[in-house]
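Chemist: Sequence:
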Amino acid sequence: PPHRRLHLYTASSAAKLVASSVSASLRVDIARRRVMLTLAAPPPRSCDTFVYVQAPSLEGAGTLFGKNSDRPSAERHEVIRIPRKRHRENEVVQCTYISVPQASETLECVLSRPSWLWGCEMGANEAGVTGGNEAIQTLLADELLSPNDGTPAKKLLGMDILRLALERGTSAKHAVEVCIHFLEEYGQGGPCCEEDTDWTYENSFLFADANEAYVLETAGQSHWAWERIGPGEHRNISNGISIRSKWGAVSNSIISLCQENGWSNAASKFDWKRAVGAGGSVEGLECRGGREASGLRHMQDIKAQSDNMPSKQTPRWWVERMADVLRDEKSGICFRDRHGFCSTGSQISWLPSILPDRDNRPGRKVASHYFTGASDPLCGTPYKLFVFPDPMQTNNKDEELDDHDTKTLWDLWRKRALSRVTMKASLRDALSKIEEEGLSFLEGDGNVDTRKQSTFAGMVQTELELLENISG
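The numbering of the sequence shown is the numbering used here, which starts it at 1 and goes up by one.
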């Protein structure tokens with residue numbers, strides 16, 4: 001997209017200006033120029049992430065999570081399972097560009113990701129934690145560039161940090177803490193696309209569990225701020241800085257850095273978005289239009305529908321409402337383009353609170369995760385159910401499993417998109433039955449049916465057979 005080069009040019013220009021700073025007054029002037037240059041660059045056009053914490057349902061409250069991953073349309077996307085594993089002392093893990101110390105034990109995860117990199121765009125773990133990341137742009141973006149040649153410095157991608165957090169985080173708050181550790185210890189950065197090595201960005205994250213959620217936003221290599229979303233609250237992020245003065249914590253030096261640059265003052269509580277996003281300006285801070293505003297209206301509408309109904313809704317009702325949101329093409333939340341950016345994967349999760357039933361026995365504890373594992377969720381690909389423990393785990397407990405044939409599935413949907421095939425009603429109906437089967441799990445007792453068609457891998461195989469055997 002055209003914004004990439006402009007973004008990198010403005011960031012590089014700002015870096016050169018900063019290097020020539022010789023006085024406090026000049027430094028403030030340079031910072032103001034950086035504001036003007038960075039605000040001139042269009043924001044990234046990709047990804048929307050949503051959460052509703054402890055949404056009321058007939059089976060007790062549960063947290064609803066959803067995300068569309070928007071990436072280059074020709075970039076293959078896959079869904080993989082990472083098994084729980086113990087690791088040797090002093091072991092390291094090779095991420096996309098750098099290696100970091102491995103944890104003594106990592107959790108079982110399901111990850112949706114571009115197939116060329118180590119990290120992920122979104123995913124979940126066996127502890128009931130979900131997470132997604134998005135590209136954002138702040139006034140400190142030049143920190144991501146090498147001072148030698150202005151190219152992206154290879155550190156941890158935001159997608160790497162997300163996977164590290166899901167492999168280690170036993171709660172949403174713990175996942176945030178893992179992110180902060182790796183940000184401060186190793187920094188973020190590096191080319192974010194296999195085909196365009198100039199494209200880099202800062203990151204925002206949304207982590208959720210059954211009880212709470214957190215938005216974590218970053219700036220430069222290692223600055224950050226987080227905000228908690230509590231029970232009964234909803235939140236959405238869409239490639240923009242969104243945390244204002246309601247933050248729970250910020251990185252140690254960010255307030256003084258912003259005051260030094262003239263982006264903030266000590267007279268009022270630190271406004272993260274106004275400082276790192278607008279350089280102290282009040283222009284354009286309110287969410288009035290675009291995908292973020294559309295997403296907010298969707299969440300407000302879902303809450304209003306729930307509040308106005310005579311009885312609580314089922315978990316299925318909540319998941320279906322999120323599917324409606326992620327299939328909204330008019331707003332751009334479902335982004336469709338054959339040769340530019342498009343929604344290359346989608347996830348919905350229902351994370352039930354652990355509540356006793358009428359007989360004081362443990363209630364439903366199984367989280368339900370739904371992945372398209374293919375192109376955008378509006379093209380016809382169904383959401384397919386994944387639950388922990390993965391039934392495939394019995395086949396291989398130690399090694400990373402394959403992609404459940406999701407790369408093959410992605411290739412088939414990509415071929416259909418390029419050939420502009422019109423889907424017949426018979427195929428659409430057959431595919432919808434796959435999604436129906438997965439959603440029916442939310443109406444049962446939470447026990448996993450081990451029949452092939454009820455596993456995520458089995459659903460992928462059914463979809464492949466339908467696409468190959470039914471023309472049109």
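I should point out that these hints are in silico values taken from the structure, not numbers from a laboratory. Keep in mind the model is a prediction, meaning the values are calculated, not measured. It is possible that some hints are incorrect.
What the hints assert, rightly or not - 16 Å max Cα-Cα, derived EDC-like pairs, lysine to aspartate or glutamate:
1) Lys-407 with Glu-443
2) Lys-85 with Asp-149
3) Lys-303 with Asp-324
4) Lys-173 with Asp-198
5) Lys-330 with Glu-292
6) Lys-433 with Asp-411
7) Lys-246 with Glu-260
8) Lys-273 with Glu-320
9) Lys-154 with Glu-126
10) Lys-303 with Glu-329
11) Lys-85 with Glu-105
To be verified - So the derived label-pair ranges between C-beta atoms look like this:
12) Glu-89 with Pro-389: 47 to 55 Å
13) Asp-405 with Leu-58: 43 to 51 Å
14) Ala-74 with Lys-330: 22 to 30 Å
15) Gln-94 with Arg-420: 17 to 25 Å
16) Thr-314 with Glu-194: 21 to 29 Å
Glycine included, C-beta positions come from ideal geometry on N, C-alpha and C.
Chemist: Evaluate the given range 22 to 30 Å for the C-beta pair formed by Ala-74 and Lys-330.
Modeler: holds (24 Å)
Chemist: Note whether the CB distance of Asp-405 and Leu-58 lies within 43 to 51 Å or breaks it.
Modeler: Roughly 35 Å apart at Cβ, these two residues miss the hinted range, so it is violated.
Chemist: Check whether the Cα positions of Lys-173 and Asp-198 lie no farther apart than 16 Å.
Modeler: Violated - the C-alpha atoms of Asp-198 and Lys-173 are around 33 Å apart, more than 16 Å.
Chemist: Given the hint that Lys-85 pairs with Asp-149, test it: the Cα-Cα distance must not exceed 16 Å.
Modeler: Violated. Lys-85 to Asp-149 sits at ~40 Å, over the 16 Å cutoff.
Chemist: Compare the distance between the alpha carbons of Lys-246 and Glu-260 with 16 Å, and conclude whether the hinted pair is satisfied.
Modeler: violated (22 Å)
Chemist: For the pair we were handed, Lys-303 and Asp-324, check the Cα-Cα distance against 16 Å.
Modeler: Given that 16 Å is the threshold and the Cα spacing comes to 14 Å, the pair holds.
Chemist: Between the alpha carbons of Lys-407 and Glu-443, is the straight-line distance 16 Å or under?
Modeler: violated (30 Å)
Chemist: Quickly compare the C-alpha distance for Lys-433 and Asp-411 to 16 Å and report which way the hint goes.
Modeler: violated (21 Å)
Chemist: What's the verdict on Lys-273 and Glu-320, does the C-alpha distance respect the 16 Å limit or exceed it?
Modeler: violated (32 Å)
Chemist: Would the pair Lys-330 and Glu-292 pass a check requiring their Cα atoms to be no farther apart than 16 Å?
Modeler: holds (13 Å)
Chemist: Given the proposed pairing of Lys-154 with Glu-126, does the C-alpha separation stay at or below 16 Å?
Modeler: violated (30 Å)
Chemist: Can you confirm whether the C-alpha distance between Lys-85 and Glu-105 stays at or below 16 Å?
Modeler: holds (6 Å)
In summary, the structure is inconsistent with hints 1, 2, 4, 6, 7, 8, 9, 10, 12, 13, 15, 16 from the numbered list given earlier, while agreeing with the others.
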